[in-house]
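A.B. asks: For this one, chain A is given, so just place chain B on it according to the hints.
So the chains spell out like this:
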Amino acid sequence: MSELKKEIVKRPDMSVEIAGIQLRNPVMPASGTFGYGEEYTPFIDMEKIGAIVTKGLSLKPKAGNPTPRIAETVSGMLNAIGLQNVGIDAFIQHKMPFLRTVNTPVIANFFGNTLEEYGEVAKRLNDIPEIAAGELNISCPNVKQGGIVFGTDPKAASEVVALVRKNLQKPLIVKLTPNVTDITVVARAVEEAGADAIACINTLTGMSVDVNTRKPRIANMTGGLSGPAIRPVAVRMVHQVVQTVSVPVIGIGGIMKAMDALEFLIVGAKAVQVGTANFVDPTAMISIIEGIEEFLVEEGIDDIHDLIGSLKF
Amino acid sequence: MKNYKTKIISNQEISPGYFRMKILAPGFGENAHAGQFVMFRVQRSLPPLLRRPFGIFRTGFLPADCDGLPPTEFVELVYKVVGSGTSIMAELHEGDKVELLGPLGNGFDCTSRKGEKILVGGGIGLVPLYMLAGELVANGCKVRLLMGGRTRDDILAVTEFERLGVETYISTDDGSLGEAGLVTQVLERKLQKYPETEVFTCGPMPMLAAVHDICVKYKTPLQVSLEESMACGVGACLGCVVKGAGHTEEKPSYLCSCKVGPVFKSQYLDWSALGKKDNDCGGCA
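Each protein sequence line maps, in turn, to chains A and B. So that you can map any letter, position 167 of the first sequence is 167 in this note's numbering, and since no number is skipped, the others follow by simple counting. So that you can map any letter, position 230 of the second sequence is 230 in this note's numbering, and since no number is skipped, the others follow by simple counting.
Chain A with its partners taken away, still in its complex shape (with noise of 0.2 angstroms):
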């Protein structure tokens, strides 16, 4: 676009509302790959994207697994991390003086081993004024407790989810897991219990082997694909899940590029999540932002509303 038009042309309003927290674009990390934020300040301006979206936080700081814990495949990667993070108390001392200072939302992804545990962890969020909201991670594959046994059972799902809001005075996100038969299902069961919106997917589960070895290449044996590879199955279910349920739906699956967040905005996500993309290209997300403004003027759009859930079917 030359300098002149980009002068006359009125900037599209890229604004959205989740769950009642302003975001001045549709542009956040994905909870694993942004670390708690800080280790990204050198790359990126803190203020230009959507949210912060921390590390999967627990009570207790958790060590993680066994390494290898990585393994890159074809368009993508395999991780079981074991959501290791510094715990609560930890977060709420060395990583929060830092958030405060940001004048972006911050949410913080969180976790619990037990249903008591998810339970206490929503209520430390609410001594922290500067968290705008909470993310609740029923959807980890790499750890044996917690996680995604409470994401692929409807039932389960609902429990903890109706214990989180009673517990959390904050708008709740519950990000849910695609290794389900059918995500509409768990989707609704969320958003009855409580669930102000809903994030999805987080990583398929996976497995590669080294057939040098003939050992599984991450020693967890399985691990969760992110990465392209799996953007078209994470469409899919951000469609039929936005399709079901009427709380706002962010968008998570294989965004690398602006084209990547366009799909999802389309088929009707409010936002999106970047995550690996971030490991390949630190300043991704603010491509991603860039790319989105500049599609929307070319299509002469000047609210981002109008493309969300623009689906032509």
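Keep in mind that the hints were calculated from the coordinates and are not lab data. The reader is advised that the hints may include incorrect statements.
[Claimed, not checked] Calculated pairs, DSS-like style, for lysine-lysine (alpha carbon to alpha carbon, straight line, at most 27 angstroms):
#  : chain 1 : residue 1 : chain 2 : residue 2
1  : A       : Lys48     : B       : Lys114
2  : B       : Lys5      : A       : Lys257
3  : A       : Lys257    : B       : Lys142
4  : B       : Lys114    : B       : Lys142
5  : B       : Lys7      : A       : Lys257
6  : B       : Lys97     : B       : Lys2
7  : B       : Lys5      : A       : Lys48
8  : B       : Lys114    : B       : Lys193
9  : B       : Lys142    : B       : Lys219
10 : A       : Lys170    : A       : Lys215
11 : B       : Lys142    : B       : Lys193
12 : A       : Lys123    : A       : Lys170
13 : B       : Lys7      : A       : Lys60
14 : A       : Lys215    : B       : Lys114
15 : A       : Lys60     : B       : Lys219
16 : A       : Lys60     : A       : Lys123
17 : B       : Lys2      : A       : Lys257
[What the hints assert, rightly or not] Okay, the calculated bits of chain A under chain B, using three or more residues with CB under 8 angstroms as the criterion:
#  : stretch
18 : 26 to 38
19 : 63 to 75
20 : 273 to 284
Every residue gets a Cβ at the ideal spot worked out from N, C-alpha and C, and that includes glycine.
C.D. replies: Only chain B this time, still in chain A's reference frame:
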């Protein structure tokens, strides 16, 4: 640390399967220390998806040309072709666009000026030792470099090390260059002769584990540069962790090799776990 969207100045094979690549990187050198690494993006298209970590061989300036333009700053990597990513790298030419994130991680601590220094490098593990040797020599230290490899092809940049004023000792498994045998045998002899020494090492894991054992035996301080596969290089993915000394199931200790490392003082690592690993990732930090 910065993400450089830049281009290749040169990319040449220096020994069968080993390449050195010069990349334009203004301002890189002033922040770079020996033992740090970069995350290199081979190409903008897939595959490969992830960047690859590489140790920094050196930084420098190309001489100013006759146009009177200022000297061009570069960073130089040396890599071994071992997989799909490095095979693509080997095909790149002058002017090709690449991306480089760095300098990353904690490098060697060369603040101690006392005693003599022994550097032990195996194959591609010699790469980060070049900048280290330069810094140690500049500090006025006496530096001995023990170079090891399977064959003569794995012994890299001997002349350049010697030009720094480093005394070199070469050993190869097949005896095709230098002494036949393992570099660790040479290390043991040197430590008997020069007890007041600090050791620095980088190379394949079995070699690192053997160097660690010898240094424990002779009560010699050791710094070790590890190669781990990683996705982000900046401490976010937590994929490159290694077990710290004292790691137990009940009190686990995982250290990010990208952020705490890639260089560690060897006493801070859990060698019972590390020694069992095998790695040969072709120049990763």
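A.B. asks: Next step is simple, just say for each hint if it's right about the structure.
C.D. replies: Hint-by-hint comparison with the structure:
no.: 1; hint: A:Lys48 x B:Lys114; verdict: 49 angstroms, violated
no.: 2; hint: B:Lys5 x A:Lys257; verdict: 17 angstroms, holds
no.: 3; hint: A:Lys257 x B:Lys142; verdict: 51 angstroms, violated
no.: 4; hint: B:Lys114 x B:Lys142; verdict: 10 angstroms, holds
no.: 5; hint: B:Lys7 x A:Lys257; verdict: 22 angstroms, holds
no.: 6; hint: B:Lys97 x B:Lys2; verdict: 16 angstroms, holds
no.: 7; hint: B:Lys5 x A:Lys48; verdict: 20 angstroms, holds
no.: 8; hint: B:Lys114 x B:Lys193; verdict: 17 angstroms, holds
no.: 9; hint: B:Lys142 x B:Lys219; verdict: 19 angstroms, holds
no.: 10; hint: A:Lys170 x A:Lys215; verdict: 45 angstroms, violated
no.: 11; hint: B:Lys142 x B:Lys193; verdict: 14 angstroms, holds
no.: 12; hint: A:Lys123 x A:Lys170; verdict: 10 angstroms, holds
no.: 13; hint: B:Lys7 x A:Lys60; verdict: 46 angstroms, violated
no.: 14; hint: A:Lys215 x B:Lys114; verdict: 46 angstroms, violated
no.: 15; hint: A:Lys60 x B:Lys219; verdict: 38 angstroms, violated
no.: 16; hint: A:Lys60 x A:Lys123; verdict: 14 angstroms, holds
no.: 17; hint: B:Lys2 x A:Lys257; verdict: 20 angstroms, holds
no.: 18; hint: 26 to 38; verdict: holds (count 4)
no.: 19; hint: 63 to 75; verdict: holds (count 10)
no.: 20; hint: 273 to 284; verdict: holds (count 7)
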